[in-house]
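Assembling the complex is the task here: the two chains are given apart, and the hints tell you how they should meet.
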Amino acid sequence: MAAPVVALEAVEVDYAKRGRALGPFSLSIAPGEIVALVGPSGCGKSTALRLLAGLEQPTRGTVTRTVGQGETSVVFQAPTLAPWMTAVANVALPLELSGTAKKAARDRAAQALARVGLAGAEEARPAQLSGGMAMRASLARALVTEPRLLLLDEPFAALDEITRRSLADDVLKLWRETRPAIVFVTHNVEEAAYMAARVAVMTRGPGRIAGDIAVGGHLPRLIGFRATPEFREAAEAVSDLLLKGSEMAA
Amino acid sequence: MNRVLDILAPFALIALLLAGWEIACKVTGVPAYFLPAPSDVARALATDTMSLLQAAWNTLSVALISLIIASVVAQGIALLVGLSPLMDRAVRPLASVLQVTPVVAIAPLVLIWAGIDHPERAIIALAVLVAFFPIFSGAVTGLKAADPDLERLFDLYGASRLQRVLRLRLPSAVPFLLEGHKVAAGLAVIGAVVAEFGAGSGGVRGLAWRILDAGNKLQTARMIAALVVLGLMGVVLHALLERAERIGLAWWRGR
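Protein chains in written order, with our numbering: chain V, 1 to 250; chain X, 1001 to 1255.
No lab work stands behind these hints: they were computed from the structure.
Model, not experiment: these values are computed from the prediction.
Please note: incorrect hints may appear among the correct ones.
[Unchecked claim] Pulled a few chain X residues facing chain V out of the computed Cβ check, cut under 10 Å:
#: 1; residue: Val1072
#: 2; residue: Phe1133
#: 3; residue: Leu1150
#: 4; residue: Leu1153
#: 5; residue: Gln1163
#: 6; residue: Ile1247
#: 7; residue: Arg1253
Note that the Cβ used here is the ideal one computed from N, Cα and C, for glycine as well.
For reference, chain X alone in the conformation it holds in the complex (with noise of 0.2 Å):
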């Protein structure tokens, strides 16, 4: 009984929520553009469904494409950064540097360079640079992670530098992989949206052109309509992205 109750709070919450901003804006007419009822956003959701997921599947593949570049990049730089100290302090300042940037204080500058035929490109290096740390950073603490007693085992039996890497710092990596990767992912579809936002043209039609499109006609029922739709988006992606996690974990540890 309980577990019912606890699976059903949530949703009776929002059920609730609902109904008061629905008889909110029956009771009080304010007008649709101002506020939408909820009812108004469901038929918005209801007759855009096919290109509200094909915008979202834009939004999508294109956090996707730069999340795989990210982690190509990340974890080549953690390498080397791993291998030499020299290189740690090199980078290490430059990847801060990277991290605080607001991603959207240098979208005028990248859409500029990926020229105006190409605000995909743009968006795809934007999201690019947000997915890059979370990987790196936990790429680099990874490789340092392994079991200092097992390092003098491999110093006792003499290996090699990349016996060492291949077989001691990159397994025991795998877990800050795991989890690096995961919060990427999240901020890859973040990077995605707020750089949609700065390329504002409809170069590349995803969830935040659409909110941005339906904004300058004043439809706001599209617009939240469109909130919702990356709001699931990002619930799903964050519930596939822990379930993959806890897989691949199990995997690592073999339990």
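So here's chain V without its partners, still in its complex pose (with noise of 0.2 Å):
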């Protein structure tokens, strides 16, 4: 098995005011695959995306990462675009931040952004685009840069159901291009088990991991995924785990 890309290993964060946010926790992350963390809310999920992404420093434990700067995007549960540039600028910024030619920038941005089904919304400001669009140019931001590792913190959560089906099929049809590792933190069980190939399940916080669970079948998903014994097995299974692991901690 190929080394991994990002390693946590026994981290725990401690903050000053809040006590313990998380740990000890430790998950390692291969290349190309994708992971789901699942968790009640206030578990640390995002703590733990944070400590991937390499934004935020464990108070013990270490943090093995064979991605470079660079190399790893995040999505944050908003948009987070800037409400003064276009759609393009603001795929653009990754690249001109690491100091890619502004010309050379805007044109891969205006790729990214056709891949994400935005072309022609490139002169659009934030404002102008609606909540699914504003994702999908979050998106073409995170991909902008090719990544080795894709980290979304719940980034589907304030959008409505059926926006959100097609968004985890485009992250999926996405991730086949160019196969990045994705690490994405949800606490729908439903979506965790359509998208990752693996859902590791945490417990309430200070979160440790409960448990691993595989999904198998075919990614990108095929038409009709839900309705396999697969995916209810799964389901149930990160059901199950979820509700052991908030009475663990209780």
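In structure tokens:
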């Protein structure tokens, strides 16, 4: 098995005022793997994601990252687009920050927008985009650098069910092109079982790993996957673990 | 119909009050130096139109110059403060002292420093002092108001300090800066008028000087005429600034 792109080993995070937020917690992500991180709210999912991104350091334990700077992308809960910039400028921002010439950056950004289905919306401002479109633009911004590690922090939580499902399929389709490792945080069991090849379930905060569930089946998902026994068994197993996890902590 | 009424209502009230005032003056025969009738004020306005407009421009131009100076200085200092928490600590208390000290209390000192021959410099300096704070505090708040997730994004892609300021913090501060400038512009006019009163002499012949001058001569109608012009100037300025802020925000937001 290839060396993990990022691994957390027995990490703990203590915050000055809130006390222990996470851990001890271990998680290892292989190249090209899709992992869902599921847990009750307040269990430290987002903290774990920030550790994986290298945006935060653990109080104890080690974080090993083999991805370099600029090879990690994060999609946040909200689209977090800069309102004063056009869509294409927003998407080009990561490239421009790391020194790509403006013209080349804009060209690649336009291509990235086209890949997420936003061709023609280059000059639109975020305020002119719908919630789903803004999330797509945010996804394009994350993909434009062709990251090896893509982190998503409850990216579809604010969207309606239909938009959510189509975005989930789109993420998987995009994954097929460059195969980055994907870690996404969610509290939606079905979404986790649908999108991920492996679901890591966390206990109530401070979160630990309650268990790992492998989800079989083809990725990207084939039509009707939600009706297969594989999907339903995985979702059931995740639900069980979640329940046990909250009892464990209680 | 209702909209017409809405628009007419304030004018109707003004007309009513003016009529009451006019009648009261005529009936009681109160002397004009004590309370001139609106018609006397209107006559003063008509005969002095040109010189009143000149005076209004004098006051307004001082306020605008002050606003520009305050804007440059306040934003410059705010940038320094935004870049260094230590500077923030150092500057904050002084800025607060400046804000709570009434401009009339500082006026005599500034007048001495500016020199007897240059009251206009003192007036500009005082108006700058008044206009400084809203822009400064807006800029400081705005520079810290960037979306924390966008800040994280800048961390993630290894943005330099300069990139962060130019491409994130400053643009994020725009709505706060617009608001700050709107408030500051109004305050600059007030500051200019108050400072003119402080200066007292005819060094700068603005609206405040007109009020003082007419008051010294007991030409009450001319005092009120200058006040009317001052009020109108304030209303127009406020409306223009509101509009400028709205347009600026729409441009920033792209909608």
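Hint check results:
1. Val1072: Violated, about 22 Å.
2. Phe1133: violated (25 Å)
3. Leu1150: This hint holds: Leu1150/X lies near chain V, its Cβ roughly 5 Å from the closest one there, short of 10 Å.
4. Leu1153: Because about 7 Å separates Leu1153/X from the closest Cβ in chain V, which is inside the 10 Å limit, the hint holds.
5. Gln1163: Where the cut-off is 10 Å and the nearest Cβ of chain V is about 6 Å from Gln1163/X, the hint holds.
6. Ile1247: violated (14 Å)
7. Arg1253: Holds, because the Cβ-Cβ distance from Arg1253/X to chain V comes to roughly 5 Å (cut-off 10 Å).
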